[in-house]
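Trainee: Each chain is listed here by its residues.
Protein chains: 2
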Amino acid sequence: MKTLNLTRHKRPGRLSLLTLALLLSWPAAAQELAQNAPVVSPELADGNAVTFRIQAPNATEVKLTGNWMPYAPDGNGGFAQQMTALAKGENNVWSVTVASMEPELYAYAFMVDGVRTLDPANKNIVRDGRFSTASVLYVPGDASDLYWAKTGPKGSVQAVWYDSPTLGLTRRMFVYTPPGYEKTQASYPVLYLLHGGGGDEEAWPSLGTAANILDNLINAGKAKPMLVVMTNGNPDQAAAFTVSPPLEANAGVGGMANMMFEKSLVQDVIPYIETNYRVATGKENRALTGLSMGGLQTMNTTFENPGLFDYIGVMSMGFADLSRFGINIDNSKREAQIKALKAAAPKVYWIACGKDDFLIESVVTMRAKLDELDFPYVYRESPGGHTWTNWRIYLSEFAPMLFR
Amino acid sequence: MKTLNLTRHKRPGRLSLLTLALLLSWPAAAQELAQNAPVVSPELADGNAVTFRIQAPNATEVKLTGNWMPYAPDGNGGFAQQMTALAKGENNVWSVTVASMEPELYAYAFMVDGVRTLDPANKNIVRDGRFSTASVLYVPGDASDLYWAKTGPKGSVQAVWYDSPTLGLTRRMFVYTPPGYEKTQASYPVLYLLHGGGGDEEAWPSLGTAANILDNLINAGKAKPMLVVMTNGNPDQAAAFTVSPPLEANAGVGGMANMMFEKSLVQDVIPYIETNYRVATGKENRALTGLSMGGLQTMNTTFENPGLFDYIGVMSMGFADLSRFGINIDNSKREAQIKALKAAAPKVYWIACGKDDFLIESVVTMRAKLDELDFPYVYRESPGGHTWTNWRIYLSEFAPMLFR
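Sequence order for the protein chains is A and B.
Quick note: the first sequence uses the working numbering, first residue 2, plus one each step.
Quick note: the second sequence uses the working numbering, first residue 2, plus one each step.
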């Protein structure tokens with residue numbers, strides 16, 4: 002049986018080497034090895050069977066939860082996800098094998114007697130904004146191939162800070178420049194790529210694997226070389242809390258419905274990029290897309306500035322009524338906005354949503370209004386819900402449409 | 002009592018906003034909130050008392066382990082670290098308050114019935130190479146002030162891929178450019194900054210908070226503006242396993258003692274930087290430092306290339322005998338190498354080690370040989386051991402000595 006240990010780059014040639022490296026690491030690691038040395042997790046075998054393991058001597062129940070499992074409202078205002086039970090074996094190691102996993106980049110965790118626990122044997126971890134952390138599993142194959150760094154020319158990703166007079170902050174964003182950017186005198190078009198609610202500027206570079214997706218599409222000739230700008234969409238944050246201290250609340254700039262991020266995108270971000278990078282200007286060289294909250298921000302920005310972007314993608318968001326969450330979106334302007342945007346005739350207006358997305362009704366509402374006003378758009382409905390799996394797929398489908 | 006919730010940028014103004022943002026996140030988050038909504042952890046109060054909490058209904062024992070706690074060999078070939086017990090309170094929430102924590106950036110985890118568990122309420126997590134993950138706690142104050150992104154001009158950090166003919170790989174590294182780099186025509190000196198065994202190119206940018214440290218030192222006038230190049234020191238890796246698939250082993254280039262990384266640093270990395278960035282050349286504009294394995298690589302590189310660097314820092318490593326780990330370092334050449342390096346007269350040769358570092362005897366051996374040969378160096382002995390706390394402090398002390 003061919004096995005590939007995804008949790009380590011390479012099995013150490015000698016246990017003694019592992020021991021040394023451990024000594025050179027920090028104390029907690031030594032602690033852990035003593036307890037978990039023999040556990041390999043996750044382990045991928047032929048046929049993409051994946052075995053998950055965790056050593057838990059005193060547990061009475063261990064379950065696996067992963068983003069490939071279906072979930073649904075639980076009737077109590079929350080969501081309940083199906084989980085898989087692990088069985089206890091030798092050395093108090095609990096395990097379960099999931100057969101035939103589709104190639105994909107997965108996020109998972111264990112529930113050990115009800116406590117959510119990342120896989121102690123897997124050091125590939127990821128954070129989803131301020132709401133979730135998870136262990137990461139790559140199952141290689143065609144569908145996940147875009148998410149790996151493969152051989153071939155590579156772009157760069159730069160964390161830069163820019164002044165936002167609109168928000169009164171110096172803010173952090175990530176800028177992807179394509180392979181060859183440093184070696185040519187060409188000017189490139191720009192895709193502005195927005196994250197969702199609760200996320201921050203680290204979402205697309207990490208969970209979204211944006212650089213790998215773009216490198217692979219560009220190297221395959223499927224997408225034009227372009228810059229990709231990944232902002233922080235929370236108008237009251239300078240940067241992710243991993244690098245920046247909590248700010249005092251900025252009175253008047255918080256919240257999803259106040260349009261402040263949208264203003265800063267137009268007034269601060271685009272001018273910074275067009276001044277500091279070798280990019281082509283004009284609407285034919287600008288694209289904007291985002292997911293969920295970022296989809297709302299994409300709509301708001303492009304409706305308010307109809308001549309600014311020729312390529313617009315709205316992912317997993319429509320004309321939503323979010324008033325029950327205390328977010329009052331002014332949808333009364335939509336009809337006039339649609340007419341104005343129609344007059345500006347963007348080259349691509351693309352809407353994507355998962356058929357199980359809890360926001361899909363808002364997309365139905367949006368499409369009905371667009372249809373009523375004879376506004377041209379392309380609609381892509383995918384399987385699945387409101388997930389990063391879908392958003393990576395959407396990026397890989399939207400990027401090839403741009404700047405043609 | 003003033004409290005600061007370190008786990009979130011800002012408490013949501015309404016629970017409904019939190020609920021919405023959760024819906025916009027991925028399934029696992031919803032799962033988690035249902036279980037852990039009321040838990041705030043860690044929570045910082047006046048006098049830097051920090052309360053750690055975790056909801057664990059069925060646990061019989063919950064402990065806290067953190068990198069501020071002392072540890073020592075356990076007599077069985079491993080290390081045992083002191084841990085602090087948590088007490089069970091209302092709603093099955095276990096908690097413990099640690100009084101008067103010194104300002105610092107800490108890494109910690111819970112042990113729930115013996116299972117190492119990151120803090121489910123804290124989304125600030127970090128990975129230490131291939132060996133450990135932990136939850137992150139910042140305790141603000143003078144000593145940790147350097148590790149935050151503060152107001153003031155900011156440098157950028159770029160993930161770039163470069164060709165390494167020496168290793169037969171295209172490899173990833175991080176390049177910090179200082180505030181003002183884009184706006185001047187000046188050429189800057191370069192610090193090459195190496196991680197330790199088990200780590201990779203993501204160590205210094207994340208755990209090491211290198212960009213924040215440099216920004217803050219430069220803005221305070223304590224360090225000269227410089228580039229900082231953070232490589233991957235494992236000659237058999239193209240990049241961290243977070244972005245790149247496992248490679249087939251590169252026969253002949255693996256391992257710590259084969260000098261292949263050192264060769265690639267000189268033959269591939271330095272030429273790439275000096276060709277692609279606006280940097281000053283010559284040994285007076287080059288500095289090299291590293292910790293542990295990176296300290297060994299610093300010694301190897303500078304001993305083999307005595308005219309290449311004027312500023313050399315060896316952290317937490319000396320003339321170690323690692324043969325019991327199967328690593329055979331050729332120390333027989335050291336005397337001739339020291340004489341050659343002495344003739345090249347680097348401006349700064351700096352050695353730093355924690356007094357409790359398990360490698361401190363190798364530093365004693367090294368210093369004895371340097372003293373015997375009348376080789377000038379500065380020795381800095383700090384409290385503590387082989388830890389990132391020390392390595393951040395060392396960077397903050399070494400950078401100000403450079404390029405004067």
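Note that these hints are calculated values from the structure, not bench results.
It is possible that some hints are incorrect.
Copies of the same chain look alike in the list, so a pair counts if it works inside one copy or between any two.
Unchecked claim - Using 16 Å as the maximum straight-line C-alpha spacing, the simulated EDC-like pairs for lysine to aspartate or glutamate come out as follows: (1) Lys64 to Glu382; (2) Lys370 to Asp322; (3) Lys223 to Glu398; (4) Lys348 to Glu285; (5) Lys343 to Asp372; (6) Lys151 to Asp357; (7) Lys223 to Asp269; (8) Lys184 to Asp164; (9) Lys264 to Asp164; (10) Lys184 to Glu275; (11) Lys340 to Asp372; (12) Lys343 to Glu373; (13) Lys151 to Asp164; (14) Lys225 to Glu285; (15) Lys151 to Asp114; (16) Lys151 to Asp375; (17) Lys223 to Glu103; (18) Lys334 to Asp322.
If you're wondering where the values come from, they're calculated on a predicted model, not measured in any experiment.
Trainee: Is it within, between, both or neither when you check Lys184 against Asp164 at 16 Å Cα-Cα?
Mentor: So Lys184 and Asp164 pass the 16 Å test across copies only (14 Å; inside, 28 Å).
Trainee: From the Cα coordinates, with 16 Å as the cut-off, is the pair Lys151 and Asp375 best called within, between, both, or neither?
Mentor: Neither, since 43 Å and 50 Å both go past 16 Å.
Trainee: How would you classify Lys334 and Asp322 at a CA-CA limit of 16 Å: within, between, both, or neither?
Mentor: Close inside one copy (14 Å), not across copies (74 Å); limit 16 Å.
Trainee: When no copy is specified for Lys225 and Glu285, does a C-alpha distance of 16 Å or less occur within a copy, between copies, both, or neither?
Mentor: within (13 Å within a copy, 42 Å between copies)
Trainee: Checking an output row: Lys343 and Glu373, CA cutoff 16 Å. Within, between, both or neither?
Mentor: within (12 Å within a copy, 82 Å between copies)
Trainee: At 16 Å max between alpha carbons, let me know whether Lys370 reaches Asp322 within a copy, between copies, both or neither.
Mentor: within (14 Å within a copy, 74 Å between copies)
Trainee: At 16 Å max between alpha carbons, let me know whether Lys223 reaches Asp269 within a copy, between copies, both or neither.
Mentor: Classified as neither: same-chain Cα gap 31 Å, cross-chain 31 Å, threshold 16 Å.
Trainee: Since the copies are identical, ignore which copy is meant and state whether Lys151 and Asp164 lie within 16 Å (CA to CA) inside a copy, between copies, both or neither.
Mentor: Close across copies (14 Å), not inside one copy (35 Å); limit 16 Å.
Trainee: Regarding Lys223 and Glu103, is the shortest C-alpha distance of 16 Å or less found within a copy, between copies, in both, or in neither?
Mentor: neither (23 Å within a copy, 53 Å between copies)
Trainee: Which holds for Lys343 with Asp372 at a C-alpha limit of 16 Å: within a copy, between copies, both or neither?
Mentor: Within one copy, since 12 Å is at most 16 Å while 79 Å is not.
Trainee: Have a look at Lys348 and Glu285 and pick one of within, between, both or neither, based on CA distance no larger than 16 Å.
Mentor: within (8 Å within a copy, 54 Å between copies)
Trainee: Could you figure out if Lys151 and Asp357 sit no more than 16 Å apart (CA to CA) within one copy, between two copies, both or neither?
Mentor: Neither, since 32 Å and 42 Å both go past 16 Å.
Violated hints, listed in ascending order, are 1, 6, 7, 15, 16 and 17; each of the other numbered hints is respected by the structure.
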